[in-house]
Every structure is written in C-alpha cells, then in structure tokens.
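Number of protein chains: 2
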Amino acid sequence: MYTKNFETEIELRKGKIQSMMQKCGADAFLVSDNVNLFYTSGRIFAGYTYIPAAGEMIYFVRRPVGLSGDNLVYIRKPEQIPDELARLGIAMPKVLLLENDSLTYSEAIRLRNIFPEAKVENGTPLIRNARTIKTPYEIAMIRESAARHTSMYRKAPSVYTPGMSDIEYSIELERLARLHGSLGIVRIFGKSMEIYMGSVLAGENADEPSPYDFALGGAGLDPSLPISGNGSIMRPGNTIMVDIGGNFTGYMSDMSRVFSLGEVSEKAKEAHRVSLAIQSEIERAAKPGVPASDIYNIAFDIAQKAGFESNFMGHRQKAGFIGHGVGLELNEAPVFAPRSKDILAEGMVFALEPKFVIPQVGAVGVENTFVVTADGIEKLTLCEEEIIPLD
Amino acid sequence: MYTKNFETEIELRKGKIQSMMQKCGADAFLVSDNVNLFYTSGRIFAGYTYIPAAGEMIYFVRRPVGLSGDNLVYIRKPEQIPDELARLGIAMPKVLLLENDSLTYSEAIRLRNIFPEAKVENGTPLIRNARTIKTPYEIAMIRESAARHTSMYRKAPSVYTPGMSDIEYSIELERLARLHGSLGIVRIFGKSMEIYMGSVLAGENADEPSPYDFALGGAGLDPSLPISGNGSIMRPGNTIMVDIGGNFTGYMSDMSRVFSLGEVSEKAKEAHRVSLAIQSEIERAAKPGVPASDIYNIAFDIAQKAGFESNFMGHRQKAGFIGHGVGLELNEAPVFAPRSKDILAEGMVFALEPKFVIPQVGAVGVENTFVVTADGIEKLTLCEEEIIPLD
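Residue numbers (this note's numbering), protein chains in the order written: chain A, 2 to 392; chain B, 2 to 392.
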C-alpha cells in the first residue's frame, strides 16, 4: 500500500487518531473521504480505511487493481466488510465513527445499515482535528509546496504582456504554476466551494460579490462559476491581486501578491501598508496558546484605527475571517474569525490574508503561509511583499 | 436573479421538475446542490431553491449580496425558511424532497429537523432525470462548448514540441483550452471522482490503473492525484490519448483524440480502426427507444470479434462503460453499461468513448459528444478522427 519508509509516518498519524478515539470511547472509524483515505494510507484509493481503537488499520480497496501491502483487503462493496472483519478476528464495533460531514446522506445510511448494532457518531471533527497539527513530514511537504509556490510568484511579472485581460494573465500564471509542479486541483472541505486554480482580481472586479466563502470574490467569466477574473482588460491605476493556490505536493500552501499597472491611488498604497503592518503585528503576537479570535481582533483593530474598516476583507461584501489553516485541504483549522474557538498550537499551518478592497482600484494586501513553532510562527512563503509594478 | 429573456427557460425547467414531483406525490423540493441551484436559477448562489409542486420557485439566498429579482428572499440560515414560507402564505410540505445523494449526512439531518412533520424522500434521482433531457437552450450551450472544444483540439498538434513529457504537453493543452474560453473546472457527480482539466496518456502509463471511475487511468504525478500523465517523456512508437474536458459554457462537452510519435504498432492502428467501426455502428443503431445496454453490447461484440477483448476499455484494469451522459456534470445519464436501465430519448446528450489500451504503446480510440435527435443521433464534436502524427 505504501513504501517501507512511509511506515513510521503512517504509525504517527494512526497513533494520533487512535488516541483521540480512545478518549471519546469509539471502537472503530470507517474512513471513506478521499482526503482522509490519503491521510491514513499515503495514497488515494477507492474504498475504506477501517481504524480500530487499537491495533492495525485495515484498507478495504475497490480500485485500483494491483495494490499490495499489509492489511489490505480487496472488496467489491462495503457490505462485505463485516465478514472480512470476522475472518480477521476483529470484533464488530459498538461505537462507530463515520464522516458525517462529508459522506452523503445516502452513503451514510448505507454504511449504518452494514453496522446495525453500532452506535454511530460523527468522526469528521476528530480526524480534522488530528490533521490540524501537522507531523514533521507534513510540514516538510508544505515547505516544499511553499518553496515552489514562491518561485512561481517570483516569475509572475515575467508572464505579463501589456493589454492582457485578467483571465489572460490568469492563464499564464496557471501555466507557470503547472510548470513548477502544481497538480492543479485545489481540495476544499465542503462541497459548495468551487474554484479553478485560484483567482486574479483586477480593478473594479475585485469588489464583485461571490457566492463562495473565499476571502474575496470577483464576477468570474460565467454565472456557472462566479469567482475570479471576468475578462476585463487590466488598466493603468489598477491593482492586480494574484491568489493562485499552491498544490505542489498534495499539501497546499497559500499566498497572494499584489501587482500594479501605472500609478495606483494613495489610498490603495496606504491600505497595502496597513496589511503589512497587520502581518507584522501578528508575527509578533502569534504563538502556541494564543486564541485565533485574538489574531482576528488584532487585524480588525489595526484596520479600523487606520480608517479602513469599510474596505477590510471586502467592500460590497466582506469575508468573516482573515486566515485559515491549510494542509491537504485549503480550508482547515484554525480559522481566524471573531467567534473562532481555535487556539494556536505547535505544528499548525495556516494562511494569513489581511486584505482590503478599494473600489475602482482593486484589492491590496498580502497573504502568506506560516507554521506555528514552539514559541512563535515561521513564514514559509518568502518573497517581495510590496506592490509590484507590472509595467 | 436572472435576466428577463431567461424566464422562459427557467419556466420550462420548473415545469419539468414540477410535473415529475406531482407524479410522485411530493409537495416541495428543497434544492441546495450547486449544480441544481444553477439549473433552477441560471446562476450559482449560496442558499436554496424551494420548488413547490405548483406555483413559483422561491430562492433563499445567503450569498452573494446584491441579487435582486422576483421570489428572492435573503436568509442567514436555513432555519429561517419555515417562517419565510409562512410569511409568503405557503403551506409546510407534507412530503419533502432533499438531495440525499449529494447533501452530506449532517446537512441532511439539519434540513430534516427544519421540517419535522414532513416525510422526506430522495430528490436526487428526480432532478437528475429532469436534467437528462436537455432543453433546446441547453443543447445550444453544449453545441457552443463542443464548437470551442473542437477548435481547441484542431490546434493540439501546434503546441507539441519534441522531447516533451506527457505533463508538459498537458500543460500546453490546458492553456489552449483556457484561451478558447474553458472555465477550467470539471463538475462531477459524486465526491470521490477528482481530476484536473482532463488527461493526457502516453505509452505505458495508459495501462496504469487508477482509483477513479474514469474510462482510463494513468499514474498521475503524485499519489495524492493518481490519474493522467506521470511525467514520462513521450517517445517514438507511443500513442498519446488526449481527453481534456470541455467546460466552455457551464455545460460540458467531452472528446478525446489520439496522437502519435514515430511509427506505432499495427495492433494499435487496428484497434483504433475498431473503435471507429464501433462508433459508426452505434451511429447507425442509436435513436430514441434504444436501450443504453444495447449500445454497450454493440461495442463489446465488435471489440470481441476483432480479437481486442483484453484491450477493450482498459487492459490491466477495465472501465465498465463505453459512454455517459454529459451536461452540467461530466457523468450524467444515460450510462452505456451492460446493466444500464437507461433508454435513449430525444434531447439526451452523451459522450461515446470506445477505447483500447495497447500495452507499451498507449491508448487508442475516439470520443465524441452526441445529441439524441427525433430519429437518430447527431455528432457535435467534428474534427479529424484518425491517429494524428505529432512529428
């Protein structure tokens, strides 16, 4: 299933999940979400990971053919699982965890019917919590993603040509990301959020509200995907906010940089400076034990005192957060929002994105990916943070 | 919510859904899946479409701000829906449809609790059935997508340069698709299927099994996305199967073409001719009233008689279908599989993809998008179908 040198990593993850299961009295966790299958096995497969509260995980695989490894059982359908467990001498669980927040209702009912005696509880929060604190291996993966991501951003000005539309620029940036090894897809928890590789917002379009819960919006090219660029030509006086996600290793990094054409307004430049000041203040304050809501409040207070409350995290429509955990998915814990209950802890990885929308000009601000260390936070996406002229 | 000239289209869709609801005795359908929100409103929004068995649909919108139109009610959370219905003089439903096959278990339970008196049934099959027969407007959208898609494929040889890896060629094809107006994302029903814009399979990698239920596989670049190209250099004697999805209008078209480097084996050429023969035979046989399983059997019989059974629809791992409906999602009805219950009807749109995997060489075959007419089928993706040399 996975290579020998990955065994220790899988043991570490299993240990974390099992210790949480024991605390909540769960006997087993039947995992079937792609991201969680990857987390528990090191690869995507069609099937289920069966995690007992103690002992070996069993991989029940439907596809692909040809996998081998310990604790791997091929099945055609989940209804075969109880017989296979019996064959392996594993008792049926009395308390079973299922991913209630990602299984469809129909799938959940089907799995419940396979374990009619079990009390079923929601396992999604548990495994998402386990994933929130990254292992050293995972941090190395995100570091690698961030390095490639940064290298791509450094070359962003080189693929601009005068007269481009926001979409044309986005297309060249997407190609650049792919040439740096991006896998292309952005995994997002919850099925209502949709985006292509990321967003490029120029001028007035930055103020277009979107149905999605991303930090900023944009009208998009079509009402079937109302997010990001809308095909407008980028003009002198515009800022261009580039927020292309980085999935170079299966693990996401997230970063945004702002470019400009011609002379942008003093107000936009000032708001950008406020974003950098917010980031600096948070870099001083953030460390294990600090509530994520405090981090949000630091940002909000600075924005408010600088007179930019009405532009903070959007203008016509505002985002309710200034940052979010990243990992296998783009939207993990911690969430930096006023009512967040998350507390910073060593090994968390998050993107911080204090942004402002200036009508007629565009969006400004910076976004970087950080890892929480023993006594602070470390920035992983290191490159120019000023507004970068494209012309 | 939608423009005046789109009203007739929305009425047509509403009429179709309501007539099906009346037949099955449902009082209301609360829709929240993005694709179905788009189908019932003409745009993506965060919220719910409430479809009564008769009368106007109500759009309950959370985001974006600033929408206007008839029957539009802003809400913060779905728990407000009963009060809003009461305010509008609409009786609470006794039989309610929910999308059990796409709502998560947690979301479904939340919505059920809002309608505690209602008997809840699965609405997913109903709305997917409604979407199976496309309206003239939808066929025009797919026709437009197919035209752009075809134009992109005609230029595919022009972006090849010698020594490219499969991924490098894929990147240039993705860019070409975007420059032709592709929105990038591929919507797929069911959350376990993942792909970036599509796949480029060259040489031996075409025989690599994938966990996903696509027609063919490929190892991919990373175990976190095991599908499509794996970074191999494309070599003389290889075929290169390009299957980049076409989402140019919100509606998908689907097509594949095969390219070659150097001289490919006679066996591969012969298998490609068999694919074209299968397509011709199906073009003669397919019309309203014909079972989708018969179409599958036509293909299988021709493949078997030609001695290509072991290469048909994969080699190490096989797909169980030779075609699938397309529309807002890539995998709609009808499904062309041995045990499919689907029957062809006027207005269905589908992709037909009889393919073969020849070990060491690559994949061959053709894929086109067709619409079912009153007395046959019409091909929408019209360009060269022979194996096209890249060198």
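Honestly, the hints are just simulated from the structure, not real lab data. Mixed in with the good hints there might be a few duds.
Each pair may be met inside one copy or between any two copies, as identical chains are not told apart.
As the list claims (entries may be wrong) - Computed list of lysine-lysine pairs in BS3-like fashion (alpha-carbon distance at most 27 Å, straight line):
#1 K342 / K78
#2 K78 / K156
#3 K192 / K78
#4 K319 / K78
#5 K306 / K380
#6 K270 / K78
Which of the listed hints are broken here?
-> 2, 6
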